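With the hints as extra help, turn the sequences into a complete structure.
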Amino acid sequence: MRRFCRQCGAALVSICNRCENVNDFEDKFCGNCGAVLTAPLSQEHLFSSKALGDSKLPRQYNPNEIDELLSLRATVRQEQAAAEKLTQEDLDSLFK
Amino acid sequence: MEGSTLPYSALIIDDSAHMRILLSKLLQRNGFTNVDLAVNGADGLHHFKALNPDVVFLDAIMPEMDGLTALQEIKKLEAQTIVVMTTSLSEKEKVLKFKEAGADYYLLKPFEDKKLVDILQKIVPILDQRAKKV
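Taken in order, these protein sequences are the chains called A and B. Residues in the first sequence are numbered from 1206 upward in steps of one, following the numbering used here. Residues in the second sequence are numbered from 375 upward in steps of one, following the numbering used here.
Rather than coming from a laboratory, the hints here were simulated on the basis of the structure. Hints may be right or wrong, so weigh each one.
[As the list claims (entries may be wrong)] Label pairs and their computed distance ranges (CB to CB): (1) A:E1289 with B:G476: 20 to 30 Å; (2) A:F1234 with B:V491: 38 to 48 Å; (3) A:L1275 with B:K423: 38 to 48 Å; (4) B:K506 with A:L1277: 48 to 58 Å; (5) A:L1275 with B:Q495: 38 to 48 Å; (6) A:D1229 with B:K506: 50 to 60 Å; (7) A:Q1283 with B:T407: 20 to 30 Å; (8) B:D440 with A:Q1285: 13 to 23 Å; (9) A:A1288 with B:P437: 16 to 26 Å; (10) B:T407 with A:V1241: 51 to 61 Å; (11) B:T379 with A:D1272: 56 to 66 Å; (12) A:D1229 with B:D440: 20 to 30 Å; (13) B:S378 with A:E1273: 49 to 59 Å.
[Stated by the list, open to error] Only pairs whose alpha carbons sit at most 30 Å apart, straight line, appear in this in silico DSBU-like list of lysine-lysine: (14) B:K449 with A:K1233; (15) B:K471 with A:K1301; (16) B:K449 with A:K1290; (17) B:K466 with A:K1290; (18) B:K489 with A:K1290.
Computed from a predicted model, the values in this text were never measured in an experiment. Ideal placement from N, C-alpha and C gives every residue a C-beta, glycine not left out.
Rendered as structure tokens:
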């Protein structure tokens, strides 16, 4: 999986503002909590000098941080896969 | 239930503006005229103390104070208040924590309008009965 933009080196992950889950850059919704993720910026937006000085841009991560985040994501995904998930029907039975 | 007016109050605690609006409209459509909104657990607790609502719709993952903490505080203040968890969390371990803390109903996001109406149809008779006793 490509971790950095081939044009500008920007990190290709998207951190959920709500639960801080690390998502793929293309994801529109957080894989952990379902929150809407910030729309990916266009390349033009990334390259503009105005955008580069804009504090609202997503934080850039260094390679070590990316490795750490990806490792965390793998752990979280493993835990999520192992966790028993309930359906609305299960919940209805549980919360009678 | 749709079209009738209910004398009950509801508080929606959710950090998503979209969800607050959606739930608020659905509740109003189903007779709840007194609906208050809060943006996180801490804000929700503040509103709860001021309004003492009959029903609380509570998100789980929120900044400042999460849903579980807010639920515990609400139940400490007023154990009888009906709390409906409205969240995307479905892991059994987490769900059981809400159950243990006193959540009365659990609405998994995203939900269909009908599912909310189903829950309201269970809640309203309980509130009606309580109102008769008073």
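For each hint, the structure was consulted:
1. One distance hint, 20 to 30 Å for the beta-carbon pair A:E1289 and B:G476, holds here, with the actual separation near 22 Å.
2. The hinted range of 38 to 48 Å is not satisfied by A:F1234 and B:V491, whose Cβ atoms lie roughly 25 Å apart.
3. Distance hint check: the CB atoms of A:L1275 and B:K423 are about 44 Å apart, consistent with the given range 38 to 48 Å.
4. Between B:K506 and A:L1277 the Cβ separation comes to about 53 Å, which falls inside the hinted range of 48 to 58 Å.
5. For the hinted restraint 38 to 48 Å between A:L1275 and B:Q495, the CB-CB distance of approximately 46 Å keeps it satisfied.
6. Separated by about 54 Å at the C-beta atoms, A:D1229 and B:K506 satisfy the suggested range of 50 to 60 Å.
7. In this structure the supplied range 20 to 30 Å is violated for A:Q1283 paired with B:T407, their Cβ-Cβ distance being about 47 Å.
8. Under the hint 13 to 23 Å, the C-beta atoms of B:D440 and A:Q1285, about 18 Å apart, fit the expected range.
9. Here the CB-CB span from A:A1288 to B:P437 is close to 23 Å, well matched to the stated 16 to 26 Å.
10. For B:T407 paired with A:V1241, a C-beta distance near 30 Å fails the hint of 51 to 61 Å.
11. Checking the proposed 56 to 66 Å range against B:T379 and A:D1272 shows it holds: the Cβ atoms sit about 58 Å from each other.
12. The hinted window of 20 to 30 Å between A:D1229 and B:D440 holds, with their beta carbons roughly 26 Å apart.
13. Separation of B:S378 from A:E1273 is about 55 Å and conforms to the stated range, judged on CB atoms against 49 to 59 Å.
14. The straight-line distance between the Cα atoms of B:K449 and A:K1233 is roughly 35 Å, outside the 30 Å bound, and the hint therefore fails.
15. Between B:K471 and A:K1301, the direct Cα distance comes to roughly 16 Å. Compliance with the 30 Å bound is thereby established for this hinted pair.
16. Taking the CA atoms of B:K449 and A:K1290, the gap is about 26 Å. The hint holds against a cut of 30 Å.
17. At most 30 Å may separate the alpha-carbon atoms for a hinted pair to count; B:K466 and A:K1290 meet this at roughly 6 Å.
18. Note on B:K489 and A:K1290: the hinted pairing holds, with a Cα-Cα distance of about 19 Å set against a maximum of 30 Å.
The structure is inconsistent with the numbered hints 2, 7, 10 and 14, although it conforms to all the rest.
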